[in-house]
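S.K.: Chains as they are written, first to last, in our numbering: chain A, 1 to 105; chain B, 1 to 261; chain C, 1 to 159.
These are computed hints drawn from the structure, not numbers from a lab.
Do not rely on the hints blindly, as some may be mistaken.
The list that follows gives simulated cross-link-like pairs (lysine-lysine, DSS-like), each with its CA atoms no further than 27 angstroms apart [as the list claims (entries may be wrong)]:
#1 A:92 / A:21
#2 A:13 / C:76
#3 C:35 / C:76
#4 B:43 / C:76
#5 B:43 / A:21
#6 A:21 / C:76
A partial selection of chain C residues facing chain A, derived with a Cβ cut-off under 8 angstroms [said to hold, decoys possible]:
#7 72
#8 90
#9 100
#10 110
#11 123
Predicted, not measured: the structure shown is a model, and the values here were computed from it.
Yeah, the Cβ is synthetic: ideal placement off N, Cα and C, and Gly gets one too.
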Amino acid sequence: MRPARIVVPETAKVGEIVEIKALIQHPMVTGHTAAGANTEPRDIIHTLTVTYDGAEIFRADFMPGIAANPYVAFTTVATVTGDIVFTWTDDKSEVTTAARTLRVP
Amino acid sequence: MKGWRTGLAIGLALAVWRSSPGLAEEASPSLHPATEYLSTGMKAEQADLARNRGMLWVDQGAALWRQAQGVAGKACADCHGEAEASMRGVAARYPAVDATSNRLLNLEGRINQCRTTRQQAQALAYESNELLGLTAFIAYQSRGLPVNVATGGPAQPYVEAGRKLWNERQGQLNLACAQCHEAKAGHKLRGDTISSGVGTGYPVYRLEWQGMGSLHRRLRACQLGVRAIQFDQGAPEYLALELYLASRAAGLPIETPALRR
Amino acid sequence: MTLVRVDRRQALATLAASLLAPVTVRAAESDPSMKPPSALYLQARTVLANGREIRTARVTLDLPRLAENGNSVTLKIDVASPMTAADHVRTIHILSEQNPIATIGRFHLTPRAGRAFVSTSVRLATTQNVHAIAEMSDGSLWEAQAESVVLIAACIDGG
Chain A
1 MRPARIVVPE TAKVGEIVEI KALIQHPMVT GHTAAGANTE PRDIIHTLTV
51 TYDGAEIFRA DFMPGIAANP YVAFTTVATV TGDIVFTWTD DKSEVTTAAR
101 TLRVP
Chain B
1 MKGWRTGLAI GLALAVWRSS PGLAEEASPS LHPATEYLST GMKAEQADLA
51 RNRGMLWVDQ GAALWRQAQG VAGKACADCH GEAEASMRGV AARYPAVDAT
101 SNRLLNLEGR INQCRTTRQQ AQALAYESNE LLGLTAFIAY QSRGLPVNVA
151 TGGPAQPYVE AGRKLWNERQ GQLNLACAQC HEAKAGHKLR GDTISSGVGT
201 GYPVYRLEWQ GMGSLHRRLR ACQLGVRAIQ FDQGAPEYLA LELYLASRAA
251 GLPIETPALR R
Chain C
1 MTLVRVDRRQ ALATLAASLL APVTVRAAES DPSMKPPSAL YLQARTVLAN
51 GREIRTARVT LDLPRLAENG NSVTLKIDVA SPMTAADHVR TIHILSEQNP
101 IATIGRFHLT PRAGRAFVST SVRLATTQNV HAIAEMSDGS LWEAQAESVV
151 LIAACIDGG
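Using the sequences and the hints given, assemble the complete structure.
M.R.: Written as structure tokens, this is what we have:
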């Protein structure tokens, strides 16, 4: 499990569009051969999936062009009180999950 | 060979800058945090804790703070409680001379002293995510508070040693820290803008490093830039420089975790 | 060897002098001549289009004109879309004209997004155009492009 950080508003009204921002610690090793350098093999997070109350709301395919310690932000419509669960998977099949609860009173 | 090329690159870059038309701005004599030399985009990124990647290390430090470690089986929190209260303002006072050992300790050194003597665990390595995390976490508790190091008494000889190093020409480019950071603050050096060199946001997330790094890592980069002999992280020379930098920066706010190019 | 050393010392002295002389700086580096899009980019674009037209409209790509370090450039993409079950953005593709791999990332949205928006940080190997291409639920493709001048991305100090 890598350090990860998800920022979601604590509460939202039904129908409100909320912005979700997330970061994870990962070097995102490109594997590109730099001239004269010994390059490490590629090791990047290739997939991020996000569910809200169990259903997928967002998915991303990352390539080596995504910056180290990947950042992503997107929006979702608040529907019910539920967990927003992030799952990041890297080339070594290492999986990190982190969650925040969005309360919709 | 690599350093020689770096020197050449810096010189050539300077030549290019000088030959190009545009504004000429003399450096301001007052000190500014390096953040002021960032673009508005990077400033916003540093200020937004949801986007500031340094916060990943702060979180990591917060987790370590609560973890039992070493033969003593104690967590930092077992002795110090909530860091939000017990560590508030601490980073602003470091480096400081440790009363018992009479040694100059920076925050990293202080943390490692508690690691080895209180937790009876192995010292954490410089630039390890663990030490960067704990240092950033503790410094974060002082975010916004003014730098306020003791410079008198037992600290005085260290301040003087640091000041001497700051003004001493060094390396194959024969440049002193002051020549860049006082005379040339605000000037461009290739893709970079030279700041006053205050170092009030460390550990910082530096884009060039694609990660977090200590103040001493930054000092190594400056020394390499002028082709000088670099010291090791934690070396007495860097500790003295760090104290001198903090004495210069007195009153400026702690910005950890800052974002740098 | 001796000759080289002398040259080198002289060069260093000149460099140091130039560093200390009054320096004229510009607020921003000027555009170096833009390279034509790479073959890899053109190929990635062709594969993505798969015979469909890519129209320039509906997408807004907010990319800094000047990237201070190509290791991380934060961009924002907005697409004009009602984001309903019948009419929404399915995928946003980010393509680079000059990176060693043309596709930077793909972001899959659902109507539950409420708004067709994504932001991320990307690596830019050099000064170039970046493209944001939105693929709609009806299969149509829309794009925006923006140029970013990348200030030296390589280590200035190697440290």
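S.K.: So, for every hint listed, does it hold in this structure?
M.R.: So, going through the hints one by one against the coordinates:
no.	hint	verdict
1	A:92 / A:21	holds (24 angstroms)
2	A:13 / C:76	holds (25 angstroms)
3	C:35 / C:76	holds (24 angstroms)
4	B:43 / C:76	holds (17 angstroms)
5	B:43 / A:21	holds (18 angstroms)
6	A:21 / C:76	holds (12 angstroms)
7	72	holds (4 angstroms)
8	90	violated (11 angstroms)
9	100	holds (5 angstroms)
10	110	holds (6 angstroms)
11	123	holds (5 angstroms)
In terms of the numbered hints stated before, the structure departs from hint 8 and from no other.
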